[in-house]
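Asker: In case you want the letters, here they are:
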Amino acid sequence: MKKILVLLTICWVSTTFAKEKLPDDIKWLTNNSSPVFASKDAKKGGTYRTYIDSFPLTFRLVGPDSNGSFASVIRGLNMSIIGMHPNSEEILPELATHWAYGKDNKTMYFKLDKDARWSDGKPVTADDYLYTLKFMRSKNIVAPFYNNYYTKEIDRVIKYDDYTIAIVSTKAVPELHYHVSLDPTPAHFYKQIPKDFVRRFNWKIAPTTGPYYIDKVKKGKTVTLKRKKSWWAKDKRYFKGRFNVDKISYKVIRDLNTTFEYFKKNQLDSFPVNLPSYWHQKSLEMKAYQQGYIHRNWFFTHTRQPSMGFWLNQANDLFKEKNLRYAFAHAINMERLLTGILRGDYSRLNHHYVGYGKYSNTSIRARKYNIKKVEQLMKQAGWKRGSDGIWVKGKRRFSVKINYSVESHTQRLVVLKEDAKKAGIEMVLKRLDGSSSWKLNLEKKHEAAWTGFSTGMRPAFWQHYHSDNAFKTQTNNFTNTSDADLDRMIEAYRSSLKVEERIRLSIQIQKKLYDIGAFVPAYKLGYFRTAYWRWWQFPKPAGTKHSDELFDELGLGLFWLDKGLKKETVKAMKKGVKFKPQTIVDKTFKAD
Amino acid sequence: MKLDPLTQKKIRRFKSIRRGYYSFLLFGLFLLVTIFAELLVNNRAIVVYDGESIYLPTYRSMIPGTTFGLDYQYETNYRDLKTYFAKKGRSGFVLLPLVPYNAFEIDLKTKQYPPFPPSFEDSHYLGTDEIGRDIIARLVYGFRICIVFSLLLLIINFSIGITLGCLMGYLGGKFDILFQRIIEIWSSVPFLYVIMIISSIIVPNLIILVLISVFFGWMGMTWYMRTITYKEKSRDYVLAAKTLGASNTRIIFRHILPNSISLIVTFIPFSIAGGISSLTALDYLGFGLPAPTPSWGELLQQGTHNLQSPWIISAIVTALVLVMVSITFIGEGIREAFDPKLHSVYE
Numbered sequence: 001m002k003k004i005l006v007l008l009t010i011c012w013v014s015t016t017f018a019k020e021k022l023p024d025d026i027k028w029l030t031n032n033s034s035p036v037f038a039s040k041d042a043k044k045g046g047t048y049r050t051y052i053d054s055f056p057l058t059f060r061l062v063g064p065d066s067n068g069s070f071a072s073v074i075r076g077l078n079m080s081i082i083g084m085h086p087n088s089e090e091i092l093p094e095l096a097t098h099w100a101y102g103k104d105n106k107t108m109y110f111k112l113d114k115d116a117r118w119s120d121g122k123p124v125t126a127d128d129y130l131y132t133l134k135f136m137r138s139k140n141i142v143a144p145f146y147n148n149y150y151t152k153e154i155d156r157v158i159k160y161d162d163y164t165i166a167i168v169s170t171k172a173v174p175e176l177h178y179h180v181s182l183d184p185t186p187a188h189f190y191k192q193i194p195k196d197f198v199r200r201f202n203w204k205i206a207p208t209t210g211p212y213y214i215d216k217v218k219k220g221k222t223v224t225l226k227r228k229k230s231w232w233a234k235d236k237r238y239f240k241g242r243f244n245v246d247k248i249s250y251k252v253i254r255d256l257n258t259t260f261e262y263f264k265k266n267q268l269d270s271f272p273v274n275l276p277s278y279w280h281q282k283s284l285e286m287k288a289y290q291q292g293y294i295h296r297n298w299f300f301t302h303t304r305q306p307s308m309g310f311w312l313n314q315a316n317d318l319f320k321e322k323n324l325r326y327a328f329a330h331a332i333n334m335e336r337l338l339t340g341i342l343r344g345d346y347s348r349l350n351h352h353y354v355g356y357g358k359y360s361n362t363s364i365r366a367r368k369y370n371i372k373k374v375e376q377l378m379k380q381a382g383w384k385r386g387s388d389g390i391w392v393k394g395k396r397r398f399s400v401k402i403n404y405s406v407e408s409h410t411q412r413l414v415v416l417k418e419d420a421k422k423a424g425i426e427m428v429l430k431r432l433d434g435s436s437s438w439k440l441n442l443e444k445k446h447e448a449a450w451t452g453f454s455t456g457m458r459p460a461f462w463q464h465y466h467s468d469n470a471f472k473t474q475t476n477n478f479t480n481t482s483d484a485d486l487d488r489m490i491e492a493y494r495s496s497l498k499v500e501e502r503i504r505l506s507i508q509i510q511k512k513l514y515d516i517g518a519f520v521p522a523y524k525l526g527y528f529r530t531a532y533w534r535w536w537q538f539p540k541p542a543g544t545k546h547s548d549e550l551f552d553e554l555g556l557g558l559f560w561l562d563k564g565l566k567k568e569t570v571k572a573m574k575k576g577v578k579f580k581p582q583t584i585v586d587k588t589f590k591a592d
Numbered sequence: 001m002k003l004d005p006l007t008q009k010k011i012r013r014f015k016s017i018r019r020g021y022y023s024f025l026l027f028g029l030f031l032l033v034t035i036f037a038e039l040l041v042n043n044r045a046i047v048v049y050d051g052e053s054i055y056l057p058t059y060r061s062m063i064p065g066t067t068f069g070l071d072y073q074y075e076t077n078y079r080d081l082k083t084y085f086a087k088k089g090r091s092g093f094v095l096l097p098l099v100p101y102n103a104f105e106i107d108l109k110t111k112q113y114p115p116f117p118p119s120f121e122d123s124h125y126l127g128t129d130e131i132g133r134d135i136i137a138r139l140v141y142g143f144r145i146c147i148v149f150s151l152l153l154l155i156i157n158f159s160i161g162i163t164l165g166c167l168m169g170y171l172g173g174k175f176d177i178l179f180q181r182i183i184e185i186w187s188s189v190p191f192l193y194v195i196m197i198i199s200s201i202i203v204p205n206l207i208i209l210v211l212i213s214v215f216f217g218w219m220g221m222t223w224y225m226r227t228i229t230y231k232e233k234s235r236d237y238v239l240a241a242k243t244l245g246a247s248n249t250r251i252i253f254r255h256i257l258p259n260s261i262s263l264i265v266t267f268i269p270f271s272i273a274g275g276i277s278s279l280t281a282l283d284y285l286g287f288g289l290p291a292p293t294p295s296w297g298e299l300l301q302q303g304t305h306n307l308q309s310p311w312i313i314s315a316i317v318t319a320l321v322l323v324m325v326s327i328t329f330i331g332e333g334i335r336e337a338f339d340p341k342l343h344s345v346y347e
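The listed protein sequences correspond, in order, to chains E and L.
With the numbering used here, the residue at position 73 of the first sequence is 73, and numbering never jumps.
With the numbering used here, the residue at position 37 of the second sequence is 37, and numbering never jumps.
Keep in mind that the hints were calculated from the coordinates and are not lab data.
Keep in mind that a hint or two might mislead.
Anything over 12 Å on all C-beta distances counts as not near chain E; from chain L, calculated [unchecked claim]:
1. 62
2. 148
3. 300
4. 302
Pair ranges (Cβ atoms, derived) [unchecked claim]:
5. 40(L) with 322(E): 42 to 48 Å
6. 41(E) with 202(L): 55 to 61 Å
7. 315(E) with 40(L): 43 to 49 Å
8. 110(L) with 147(E): 56 to 62 Å
9. 578(E) with 118(L): 31 to 37 Å
10. 399(E) with 190(L): 33 to 39 Å
11. 190(L) with 105(E): 58 to 64 Å
12. 159(L) with 467(E): 51 to 57 Å
13. 578(E) with 202(L): 34 to 40 Å
14. 173(L) with 397(E): 54 to 60 Å
15. 196(L) with 69(E): 23 to 29 Å
16. 110(L) with 583(E): 58 to 64 Å
17. 207(L) with 396(E): 24 to 30 Å
These numbers were taken from a predicted model, which means no experiment stands behind them.
Cβ atoms here follow ideal geometry from the backbone N, Cα and C, with glycine treated the same way.
Bound conformation, chain E alone:
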C-alpha cells in the first residue's frame, strides 16, 4: 500500500514538475553537538502571567490586521523547519532532523522529523509544506506581501516522500538556509481556502506545532495558552528544559504605568525596566524590591544593534565636502551625553554594523569629540569662524538642520547642539511627526537625519550605500552615498555565494564607509533589564547572546517557576519577613 502511495506521489510530482528524484550524492547534515542553553534543573508547572497592550484583532497568521503586537505570539505557537542556536547561530534541527544544500545554491533538502505532530494529533508531513506555497500564494488570504514573497522568492517545494522535501529558491543566494526556511501549514485544517477566508478564519484557532496552544479567550480581556503535556519535541536535545510553565496568560493592560501597578501587586510576574526612570528610580522605590520579593536583572547581550545616529545628506551643499562631514562627526560630543545625562545606560555605537558577528569590522572606532580636529579640518577647507563663532566661508554658514521625530530625543539633541556650537557648528533642531519626518528623509530633502534603521540577519549594504539608491526618492540611502569603488565592493558582496568572501568584503566595505564618513553613529543599548518575582528561576547564564528579554515565553522559554520558593515567598509576604534585595548584573555576553 505504502509503495503504491509513494508511486502515486512520484507520478503526481513528475506530472507537475517533470521528473524529480532525490540526487544520489546528497550530503545530509545535522547538529547534535552544539551546547545546550536550557537548564537541566528546570521544572515544569505553574502559570506565567504577563500582559499585552491591546487585544488582538485576529488569531490568523496572515491577512489584514495579523501583523499587530500579538503576531509574535501567534507565530511563536509554531516551530520552524530549522532553528538557530541563540549563541553560536549554528543551525539546529526543529521540524527537520537533517538538511542538505543543493549544488545549484538554490535548492535545500530536508528530512522531516517523523515525530512532529500538529496539536490535533495529525502528523506533520511533506504535504503541509506543499500546502504552504498554495496557501501563501492564494489571493483569498489578502496578504500581498506573502503572495509576493512566496512567488518571487520561493520557486517551489518538491516532495520526494512523506518526510523528505526540497525547497527551491528562485535565485542562488548565499546562506540559503535563511532564505528558504518555510513553515508548514495544516492542510487538513484550512482545506480549500475559501473566498471569505479573512472573515471565516478570523477567530479560528489553527493547529500548531509548537509547545503551546490557545486554550481560553475572553474577548477584549485575556488570552490563555496551555502547554501540550505530551508535546512531540519536549525530550529532544535542544528542547529539554525549555517551555516549562503550564499556562501563559496574557492580560490586556493598555497603559505602562498601570501595568507597573499590576506588577507591584503581584498580578503580573515580570516587568521590563529598560527605561532609565524605571531602572534608576521607580523599580528601586518598590517596597517589594526593598523587601527582596522582587528581583532585578540587568542582562547584557551581544547582538545586532540598530544604526542610530546622524545621516548626513551628501547631496547637501555642506556635506558634499569630506572635511565638513568629518568636522561634523568630531563636533558631536556623544561621550558627554552618554555619561552626563544618560547615566551610562547607553554606550557609543562605533559604526553602522555593530554586533553582526564575523561580519562586523571590530577595529572601527567612532570619531570622537575634538574641537582641535574640527578647527584643523575646517581651516583646511578654507573656512573661518564668524562673529558668533560658527564657521563661515563666503555666504555659506555651517548651520545644519537636524530632522528628527521622537520627542524624548529632544533633550539629547539639545545637549549635542550646545557642544557642537563650541566647535563652531550650529544645529537647528527640526522635529516633525514620525511619518512626515520619515517622508522627508525618503525624499532626501533632509540636511542631516537623526534616526536609526533596525537590523537584519546580515549587513545589507546595497539599500543604504549603493549608488543605485542614491539621489532617488523612496530609498534607504539616506546619505546619498555614491562611490564607484564602494559600488563594486557591494556588488561583489551581493553576488558572492561564499561565506568567507562575503565576510572579507563586509569588513572592507565598513572600512570604506568609515572613510566616507557620512553616517555619524550615536549609541547602542546592548542589554535588557527585567524585574520579576523571586520565585522565577533561570539557567546560568539566564539568557543568551542574542536574547531580547528574559521572559520570552514562546521564543526560548528558558525560565521556570520554583513552587517551593513561591510558597516561601507568599508566606514571608504575609508575615512581613524580608529578604535581601537583589539586583543581578550579568555581563557574560557584554561586548565591550
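With chain E fixed as given, assemble chain L onto it according to the hints.
Answerer: Coordinates of chain L only, in the frame set by chain E:
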C-alpha cells in the same frame, strides 16, 4: 504732555485700587527684568578688565577665549575667567550678572545626573532642569517670549476684531449677517487639532505660531465691538454728527471708537493672560516653539515628569501663578477705573 481730566481721573481711580495698582507695579518689574535680562541673567560678564582694556561683552558679538589668552576659539567662559585671572596672577576683574548662566547652557557634573537641586554655591538659585540648564534663566527668557507672543497676538487680534466688529455693527444688514455666520462657522473649527496637524508638517516659529493663533482667535473681539457699535450708533450724538454731514469714517473713528475705548482697554489684560496661557499650553503639549527655545510650557512639562525634583514644578507654577494673578488684578483695576457709571460720560 497734558492728559485730559477724564483720563487723569481714571488714573487716580486706578491708583486708589490698591490690589490692581501693586499688581501693576509687580508686573512692570517683571517686564523690566525680562527686557534687561541680558544684564541680570547671562553667561556673559557685564564688564571685564584684563589689565589692559575694558570689555563690555553683553550686547556685542561673541568674544572668543583666545582674546583673553585662553586656548579655545569659542565663547569665553566668564565664570572661569575670574579664576583664570587669579591663577595667572594677572590684574583684572570680571563682573558677572546676578545669575551667571544663559538659558541654553548645560551645566553638568561628574557622577551626578541632572536635575540638580537649588544651590548657591553653583549660582543655580532655583536649581537646574533635567539636562542641567539654569531654571531662573529659562524662566526669565521664557517670559520674554511669552510676552512678545501675547503682545503680537493682542495687536493683530484686536486690529482685526475691532475693525470687523465696528463694521458689522455700523453697517448692519447683509454684511452683518454674512460675517455673523462666517464667525460662527469659523469658531467651530477645532483649534488644537489644526495646530497639531500644522506642527507635524512644519516646524513653527514665533511668527507662525502667532499667525495660527490669530487665525482662530480674532473672532472673540468682533462680538463685543459689534454690540457696542450697534448701541452707540443709535445714540443722539451719532445722529447729530450724521446730520452735520460727517462721513462714516469720521463717525467711526472720531465718535464711536473713543466711546468704546473703555471696553477695549478692559479686555487687554485678559487677552495678554490668554496669550501667555495658550503659548504655555502649546509648548506643554509639544506643539509650540522648537527646542531649545526657553519656554514655560516645556518647563511645566519637565516639572510634571520630574515630580521627585520639586524645584522645577514649584518654580514654574509660582511664576505662572504670580503673572496670571497680577494680570487679573490689573484687569480688574482697569475695569473698575473705567467703569462708565462712575464718570457718566454722555449725560
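Asker: Each hint: holds or not?
Answerer: Against the structure, the hints:
1. 62: violated (5 Å)
2. 148: Nearest chain E Cβ is 20 Å from residue 148(L), so the label holds.
3. 300: holds (15 Å)
4. 302: Contrary to the label, residue 302(L) does not stay out of reach of chain E, its closest Cβ about 9 Å off (not over 12 Å).
5. 40(L) with 322(E): 42 to 48 Å: holds (45 Å)
6. 41(E) with 202(L): 55 to 61 Å: About 60 Å separates the Cβ atoms of residue 41(E) and residue 202(L), which means 55 to 61 Å holds.
7. 315(E) with 40(L): 43 to 49 Å: At roughly 45 Å between Cβ atoms, residue 40(L) and residue 315(E) fall inside 43 to 49 Å, so the hint holds.
8. 110(L) with 147(E): 56 to 62 Å: For residue 110(L) and residue 147(E) the Cβ distance comes to about 57 Å; the hint holds.
9. 578(E) with 118(L): 31 to 37 Å: holds (36 Å)
10. 399(E) with 190(L): 33 to 39 Å: holds (36 Å)
11. 190(L) with 105(E): 58 to 64 Å: holds (59 Å)
12. 159(L) with 467(E): 51 to 57 Å: Because 55 Å falls inside the window, the suggested range holds.
13. 578(E) with 202(L): 34 to 40 Å: Hint violated: Cβ distance 56 Å, outside 34 to 40 Å.
14. 173(L) with 397(E): 54 to 60 Å: holds (56 Å)
15. 196(L) with 69(E): 23 to 29 Å: 25 Å Cβ-Cβ, so the 23 to 29 Å window holds.
16. 110(L) with 583(E): 58 to 64 Å: Between residue 110(L) and residue 583(E), where Cβ atoms are some 23 Å apart, the hint is violated.
17. 207(L) with 396(E): 24 to 30 Å: Holds - the Cβ-Cβ distance for residue 207(L) and residue 396(E), about 25 Å, lies within 24 to 30 Å.
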